[in-house]
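Listed below, chain by chain, are the residues.
2 protein chains.
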Amino acid sequence: MSVAPVLARIDTDLDAALARLFDLLRIPSISTDPAYRADCARAADWLVADLAAMGFDASTRPTPGHPMVVAHHDGPGPHVLFYGHYDVQPVDPLELWDRDPFDPQIEDSPAGKVIRGRGTSDDKGQLMTFIEACRAWIAETGSLPCKVTIFLEGEEESGSPSLVPYMKENAAELTADIALICDTTLYDSRVPAITTQLRGLLGEEITVTGPSKDLHSGMFGGLAMNPARVLARIVAALHDDEGRVTVPGFYDGVPEISPELRAQWDGLGFDAAGFLGGVGLADPAGETGRSGLEMLWSRPTCEVNGIWAGYTGAGFKTVLPAQAHAKISFRLVGTQDPHKLRESFRDYVSAMVPADCSIAFKGHGNSPASVMQTSHPAFEKSRQALTEEWGVEAAFVGSGGSIPVAGYFKTHLGMDTALIGFGRDDDQIHSPNEKYDLESFRRGARSWARILGEMGA
Amino acid sequence: MSVAPVLARIDTDLDAALARLFDLLRIPSISTDPAYRADCARAADWLVADLAAMGFDASTRPTPGHPMVVAHHDGPGPHVLFYGHYDVQPVDPLELWDRDPFDPQIEDSPAGKVIRGRGTSDDKGQLMTFIEACRAWIAETGSLPCKVTIFLEGEEESGSPSLVPYMKENAAELTADIALICDTTLYDSRVPAITTQLRGLLGEEITVTGPSKDLHSGMFGGLAMNPARVLARIVAALHDDEGRVTVPGFYDGVPEISPELRAQWDGLGFDAAGFLGGVGLADPAGETGRSGLEMLWSRPTCEVNGIWAGYTGAGFKTVLPAQAHAKISFRLVGTQDPHKLRESFRDYVSAMVPADCSIAFKGHGNSPASVMQTSHPAFEKSRQALTEEWGVEAAFVGSGGSIPVAGYFKTHLGMDTALIGFGRDDDQIHSPNEKYDLESFRRGARSWARILGEMGA
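Each protein sequence line maps, in turn, to chains A and B.
Using numbering that gives the first Met the number 0, the first residue of the first sequence is number 0, and each one after it goes up by one.
Using numbering that gives the first Met the number 0, the first residue of the second sequence is number 0, and each one after it goes up by one.
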């Protein structure tokens, strides 16, 4: 069966595909905020209805958090599992959006048409490229070229607490020959990429408590310890002057990249100044002596994602706050152990707290880094399909982000994962004015159609 | 004219006085938040109506911010100016209040009955003690024992931006023989106090900007500078390990207290551990080698009153924030110059900002410290009146708080100020569950009645 008519159908059906995507984008499925719980359920139901209408055996599956979507479709070839997530990031600061984040629209941009809205790139627009590829195959041929299971979660942006338990309980149903994930970027706007290594993630929230209540800084200031001052000292101490993370044992399991990979990455001609220039910066801020791609793909980090204490409204309030808080995350590489690191971090930070203060920790998500076995035939087939669609050799690249599920698939289901995505570095995911290029959406769907064809060939 | 019937009238009129105070407390006159602008105006109008009904020539006076209240009443003796403020602090965190902050009520407490609500102690309850004293004198004798001007502002909790310009433009109308302020505390629940030295205040808000927008910490983390990390390093660097403030020149103009004052303060038997124990702390956190009262009354401080950056809501968001903010204040003593210190702080902090970040400053209020000339006869008359009312020798004390207006009265109107207040250290001003002891309110009014009588004698 030639893929050509499937590709043609994707092109002629584009407006209808966009209308479907917009329906999904309008649902504010912010998983981290309990206020949007019903919206998350609504997004899952919408996907089940869409997949069922295409002939998938589709259903939502309850979890202690937001539901999973699981859908099966028979086919002649190998069994592929496609994973995506229907939840999205919060939208604050809302005032920095040029429009309602949940009222998507097509806009013109210097680089071509873009779809603007929360979740367009991360991950609703990307997951719909795979669903539209399946729709075109079924519409054109009555079936799919391989057996497909679609597995979508609604907690990816909030640490995926239900994912591993669900995966373990349903291992037989979810295990396939290869996993496919569409949640990454092109290398650049012309070069398609298969991501073969991902950083892991460890999230920690710390609360330093000093006095039993907020105090007047005139009445108590100078005598009473201020927990915001303690917290600032902790956060400031997490990096040394060379940009290295100071948590004891932090670099255990952090490998140097191989000379071969270094040569391939050097060949990509990454322009750190240009990359940073796009967001108003100029100087690489990571460890002294590391290249830009190393800082992004193969070196671990420690970041403050949030910090707050005391009065943060308009004007001034001379309060000495009772508590100070920070959300801190680590990007992990190699074989860094998130559990060991969490313990080490907690011990290290606790030792910095003076006798008059206490500290409490709340663990958020954690996942080790992933490095794929690219000898699996799916990688070469995908590379070939992508190269044909984009007209330029597809690259094997690293990613600074964390897609923990790829590691879980390996650990719990024994599956390798081909991470193939069509996002771009300027998509502003997790930021105001998120977008997804219309061309990414169209050629993404075409790419998956070709990959499914190659897999089934 | 004996003061006895005036005191008796205060006691018999107590319930009506409380009803008046509660009317004023129910107006949420939060000056720092523009959302409460109309409420501030309403509080001013309420006071004018009350004073006019007593026979004062009273009116509100417009300013670029919240209105002033000015009221005059003739009398035979010297001319006293009473100052207070009708604005209150914000109430957040609201969830820590046991009841609506603006629905005051009388509650039982282990130490006796208290009036609970925002502004009960700071400063509506205190300013009404003076007004009730005037009311009793007028009701009982038809007049006041001295000439009284009442001057109330509505911006004390937000840096008093209109105060000095208004004072300069209306110097002739506002200048009296002595200023009286009721915005301080008893030394303890038994010992009345006249505060003779006050710390000054300097407020600064800093914003560190890194990337031009919030970034995904996976995509950019490790390469892009995080302004929250920069801010934490700045805040952490403001104190050394001995608790001293590191801003260059900070200790210029900070005097050692005289041996006489040290002896008097030592005689007060201040219990630092007990004072801190009341708010869940134990260890004095100020400069190594200083006594507790020095830390509170005669040493300058630097405090973080607020800090915020990135995602601070429920759950976790792996954002690398574009900006990080802090509200920082300094308590000043001796002849520390707030203007010089502001410049020194800005230079010092700017030098800590890496090339890829920028920093912006917003100045909030500033005032130098005040030390009163206690040789003015009003101090001895007030001490005598207080000693008679409370049955224990009144003390001359310092205060860690800042009441900038006392310095302005000296600088711009040439008046000394007797600071006499009836608050207590556990009043939780600026905190949830603020209260004012019913006995402070009753004996405060009686104290002012006696002081007015002594002044006019």
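Be aware that one or more of the hints could be misleading.
Heads up, simulated BS3-like pairs for lysine-lysine below, C-alpha to C-alpha not over 27 Å straight-line [said to hold, decoys possible]:
(1) B:K167 - B:K112
(2) B:K361 - A:K112
(3) A:K212 - A:K339
(4) A:K212 - B:K112
(5) B:K167 - B:K409
(6) B:K212 - B:K409
Simulated from the structure, these hints should not be mistaken for laboratory data.
Verification of the hints:
1. B:K167 - B:K112: Distance ~42 Å between K167 of chain B and K112 of chain B Cα, so the pair is violated.
2. B:K361 - A:K112: 40 Å, violated
3. A:K212 - A:K339: Not OK: K212 of chain A and K339 of chain A at ~34 Å, beyond 27 Å, violated.
4. A:K212 - B:K112: Status holds; Cα separation ~21 Å.
5. B:K167 - B:K409: 12 Å, holds
6. B:K212 - B:K409: Judged against 27 Å, a Cα distance of about 48 Å means the pair is violated.
Of the numbered hints listed earlier, those contradicted by the structure are 1, 2, 3 and 6.
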